[in-house]
Amino acid sequence: MLQISALHSHYGLSHVIQGIDIEAAPGEVIGIFGRNGVGKTTLLKTIAGWVKPSQGAIRLGGEALDGLTPDRICHAGVGFVPEDRRIFPGLTVEENLSLGLLQVKGRSSRDEKRVVEGIYDRFHRLGERRHQLGTTLSGGEQQMLAMARVMVGKPRLVLIDEPSEGLAPMIVAEIFAIVRELREQGAIILLVEQNIHEALSVADRFHVVERGQIVFSGEAENAGDRERLLKLIAV
Amino acid sequence: MTAIDYLQFVLAPQVVNGLALGVAVVLVALGLTIIFGMLDVINMSHGEFYAIGAYAALALAAAGVGFWFLLVLVPVLMIPLGMAAERLLIRPVFGSKDRHVTTLLVTFGLGLIVEDVLKIIFGANTQRPPTPIPGASEMFGIILPNYRLFLILVGAAIVLGVAYVVYRTRLGAMVRAAAFDRNMAASLGVPVSLVYAGTFAFGVGLAGLAGVLLAPIYSVFPTMGRDFILLAFTVVIVGGMGSIWGAVVAGLLLTQVQALASLVISPVWTDPIVFGTMVAFLVFRPQGLFGRLGHA
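Taken in sequence, the protein lines are chains A and B.
At position 69 of the first sequence (counting the first as 1) the number is 68 in numbering that gives the first Met the number 0, and the numbers step up by one without a gap.
At position 88 of the second sequence (counting the first as 1) the number is 87 in numbering that gives the first Met the number 0, and the numbers step up by one without a gap.
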């Protein structure tokens, strides 16, 4: 269970997140929508530990995450796929994946190999390009790598920021298929996405953020909620 | 003098001397460039860590520790020193806005303190440990000092070992990832603070090892770090700040230029040529010959 309560965070003097509450159960996909600059990315960065919360609590399965360093948050079961993918230049596809394996402590090298081979079976293109530098992949392949890098750690909470940005529709469909797989594995997913229609196809619930606060929450299946959402963000 | 004589008695020994100096400079520059590439810290006290290594070797040798054991013991002893320096001096100012200037000044101050402490403990006089591998060998009619040949081989082995760890192991991938993107690396579980401290300590350990290896050739005195550090900084800048291969290529090239130039022009001009190259790189190709650690 993810419980975020009265969360605040700042960028310097700018009060970006102004009291956000979110709850989510395992296997739930929560869409986080809103216009640019309202604090969606900062919300994910605050949960991941990149931005220190100035107030409030973040708990995952009862464990407090607020104030921890990003590596400890990762070991608590939080995976982060940031907006610009952040594939490491100079590292091959395999090296990028091998870093993802650090999320789980105490795995044997045989287990690690099995997990990575499983990823290559799932994403053939990554397998074919395993010795290639990660940054030489296409945008879609880099997004797959960024998601696969998190998947190998079997996180309980996955934070995904704008996964479809700049990708062709066919690739977008594949990316959202991965989101469904993560959900089926029981992960909680917080999904920030500008492609509302695609995001609603995978989300269970959603929140609309404005000026660092949630101004509306709804069910993805509820036609009234969807209509209100579209009005709020004027798509 | 015939052309063959010139080659055999002038040019070839000069090339080998340049190569030995090149390896020495690369050994000092290696730790410097790794620390810069990883932490973005210009460690002005690196030369003094090199001096500490040389003095530690001198003191331990006087206590009866053999040279071969010193090659392992001194770098191992330098690691906690590096850890402490990172923890107490670098980390507290690492998050500041003026990090580059602050860390440069902090390490500069540390270097001055170390230099004076070495003077107080060991005196200002130059000391020269005995050559661990005396004698010379003849190769293709050229007489070459054994210890310099040993230094070239060991230096090459150290560079290859470090490059293997940095570019071929998961530990190296962690270092490169953290060098490029601290937050993303941490979000994948890389213990970034530990990696930073470990990298700084590793760089300091390499400086200590260089001190042990170079003391028999270049002697030991409190300001010995200054002589090498200027050349090592030049190598790091020309090679590409943070690039291991850049340090190797630039170190070997610049010292060969120095060695060979002194055959045709007055040796007083070799330093201006080398440091002029550094200035030219800073102005026209600030990224150096190669990129940065974590970038390529």
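Honestly, the hints are just simulated from the structure, not real lab data.
There's no promise every hint is true.
As the list claims (entries may be wrong) - Not the full set, but computed from the structure, chain B residues with beta-carbon under 7 Å of chain A: (1) Phe179; (2) Asp180; (3) Asn182; (4) Ser186; (5) Pro190; (6) Arg225; (7) Ala279; (8) Val282; (9) Pro285; (10) Leu288.
To be verified - Listed next, with one range per pair, are the computed distances between beta-carbon atoms: (11) Ala5/A with Ser95/B: 50 to 60 Å; (12) Arg129/A with Val267/B: 23 to 33 Å; (13) Arg227/A with Phe283/B: 33 to 43 Å; (14) Glu116/A with Phe121/B: 52 to 62 Å; (15) Thr68/A with Ala83/B: 18 to 28 Å.
Unchecked claim - Residues from chain B that keep clear of chain A, each with C-beta distances beyond 12 Å, as calculated: (16) Leu10; (17) Ile78; (18) Ala123.
Even for Gly, the Cβ is constructed at its ideal location relative to N, Cα and C.
Hint check results:
For Phe179/B, the interface hint holds, since its Cβ comes within 7 Å of a Cβ in chain A; the closest pair sits about 5 Å apart. Taking 7 Å as the C-beta contact cut-off toward chain A, the hint placing Asp180/B at the interface holds, the least distance being around 6 Å. For Asn182/B, the interface hint holds, since its Cβ comes within 7 Å of a Cβ in chain A; the closest pair sits about 5 Å apart. Taken as an interface hint, Ser186/B checks out: its beta carbon lies about 4 Å from the nearest beta carbon of chain A, inside 7 Å.
Because the beta carbon of Pro190/B sits about 5 Å from the nearest beta carbon in chain A, less than 7 Å, this interface hint is met. Because the smallest distance between the Cβ of Arg225/B and any Cβ of chain A comes to about 33 Å, over 7 Å, the interface hint for this residue is violated. Among the interface hints, the one on Ala279/B is violated; its C-beta lies about 26 Å from the nearest C-beta in chain A, farther than the 7 Å criterion. The closest approach between the C-beta of Val282/B and any C-beta of chain A is roughly 25 Å, which is over the 7 Å cut-off, so the hint fails.
Evaluation of the Pro285/B hint against chain A yields a violated restraint, the C-beta minimum of about 18 Å exceeding 7 Å. Because the smallest distance between the Cβ of Leu288/B and any Cβ of chain A comes to about 16 Å, over 7 Å, the interface hint for this residue is violated. A hinted range of 50 to 60 Å for the beta carbons of Ala5/A and Ser95/B is inconsistent with their spacing of about 30 Å. In this structure, Arg129/A and Val267/B break the distance hint of 23 to 33 Å, their C-beta atoms being roughly 54 Å apart.
A C-beta distance of roughly 59 Å is found between Arg227/A and Phe283/B, which places it outside the suggested range of 33 to 43 Å. A C-beta distance of roughly 57 Å is found between Glu116/A and Phe121/B, which places it inside the suggested range of 52 to 62 Å. The hinted window of 18 to 28 Å between Thr68/A and Ala83/B holds, with their beta carbons roughly 21 Å apart. Non-interface call for Leu10/B relative to chain A: holds, since the shortest CB-CB distance, roughly 39 Å, exceeds 12 Å.
For Ile78/B, the requirement that its beta carbon stay farther than 12 Å from each beta carbon of chain A is met, with the minimum near 22 Å. No beta-carbon of chain A is positioned within 12 Å of the beta-carbon of Ala123/B; the least distance is around 45 Å.
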